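Residues in the sequence shown are numbered consecutively from 1, following my numbering.
Hints in this document: simulated from the structure, not taken from any laboratory.
Any given hint could turn out to be false.
[To be verified] Cβ pair distances, simulated, as ranges:
#, residue 1, residue 2, range
1, 322, 195, 27 to 37 Å
2, 28, 90, 13 to 23 Å
3, 53, 311, 44 to 54 Å
4, 73, 199, 28 to 38 Å
5, 210, 65, 17 to 27 Å
6, 133, 233, 49 to 59 Å
7, 222, 284, 28 to 38 Å
8, 106, 309, 46 to 56 Å
9, 115, 233, 52 to 62 Å
[To be verified] Capping the alpha-carbon separation at 27 Å, the derived lysine-lysine pairs in DSSO-like fashion look like this:
#, residue 1, residue 2
10, 150, 33
11, 93, 194
12, 255, 150
All values derive from a computational prediction rather than experimental measurement.
The beta-carbon is built from N, C-alpha and C at its ideal position, and this holds for glycine as well.
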Amino acid sequence: MSFLFGRTRQKTPQELVRSTRDCCSKLDVPLEKRRAAEEVLRNLGLLKQVIQGTAEVEPQPEQIAALATEVYNTDMIPVVIQNLYRLDFDAKKDMCSVFNSLLRYGPQGRLLTVEYIQRRRPDTLVMLLQGYDNPQIAVTCGGMLRECIKHEALADIVIHDERFWNFFEYVQGGSFDISSDAFSTFKDLLTRHKGLVANFLAETYSAFFAKYNTLLVSMNYVAQRQSVKLLGEILLDRANYNIMTAYVDSPEHLKLIMNLLRDKSRNVQYEAFHVFKVFVANPKKSRAVEDILIKNRERLLVFLPKFHADRKDDEQFFDEKAFLTKQIEALQPRR
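Please model the complete structure; the sequences and the hints are all you need to start from.
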């Protein structure tokens with residue numbers, strides 16, 4: 001009957017952080033894990049209130065600063081992430097909110113949590129990436145990871161880590177929710193920071209596209225369709241001009257895309273068209289690519305007018321088809 005002795009003293013932000021970290025060490029102790037999990041849930045809810053405020057109370061900058069400093073000093077973030085699979089849904093949700101809010105926190109333009117992860121705990125990013133291996137935490141980790149890679153310094157760490165290549169499995173395996181979430185993260189990594197991605201693709205060109213081309217013929221329909229569409233976005237991005245010219249120089253790539261034009265899925269066909277047009281429109285075609293187009297010239301001239309002819313409201317698509325038809329008509333056999 002604690003009410004007889006007055007209200008319980010509210011914990012300071014620093015105490016909430018330390019308590020959260022300490023309770024995580026008890027989550028695998030049979031006699032203590034239930035109470036520890038309840039305490040972590042309660043603490044994370046209160047930490048969320050400190051950072052975000054409530055309907056009645058505005059967040060206090062000095063409290064947020066104290067909270068953030070203690071988070072860095074105790075390494076609370078990686079400790080909680082390591083134990084995320086032991087927490088219930090609401091605790092995971094609150095941790096995601098606390099973490100994402102801290103990533104945006106920083107006085108005078110400095111993002112202190114981004115600096116902390118980059119300089120002291122880059123392994124935090126690896127933990128989040130590997131969260132896709134565990135269905136219990138995959139989507140939660142994915143949301144936190146996408147918030148991280150909004151910052152180029154953190155995206156740089158992820159894209160250059162050897163575990164980045166696991167995305168080629170993550171986007172095809174698991175449940176629909178997990179593979180879709182993984183693809184969202186994968187896409188963000190490959191499109192958000194133009195210069196970083198262009199350099200990465202130049203450094204890893206052969207290995208990357210050897211892996212990526214397998215996605216274009218994936219048995220997972222959603223992964224296949226999204227991958228064909230993303231390929232078009234990557235190739236048509238000005239920052240990736242050198243990557244585009246290298247890709248469309250390959251006769252093997254052209255054969256792959258031409259096969260996708262006849263895929264059983266109309267959506268895949270349509271996305272493949274936007275890649276195919278890059279091969280045809282390229283004014284400096286390699287001899288091998290040009291030879292394939294010449295060899296298939298008559299069939300393509302019959303195929304293109306009928307290709308998705310029912311898209312009558314898509315004027316740009318019809319204009320592009322007409323342009324490609326003229327380009328193919330102009331191809332002449334070599335003497």
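Hints and how they fare:
no.	hint	result
1	322 to 195: 27 to 37 Å	35 Å, holds
2	28 to 90: 13 to 23 Å	20 Å, holds
3	53 to 311: 44 to 54 Å	50 Å, holds
4	73 to 199: 28 to 38 Å	35 Å, holds
5	210 to 65: 17 to 27 Å	48 Å, violated
6	133 to 233: 49 to 59 Å	27 Å, violated
7	222 to 284: 28 to 38 Å	35 Å, holds
8	106 to 309: 46 to 56 Å	55 Å, holds
9	115 to 233: 52 to 62 Å	31 Å, violated
10	150 to 33	35 Å, violated
11	93 to 194	31 Å, violated
12	255 to 150	35 Å, violated
Of the hints listed earlier, those the structure fails to meet are numbers 5, 6, 9, 10, 11, 12, in rising order.
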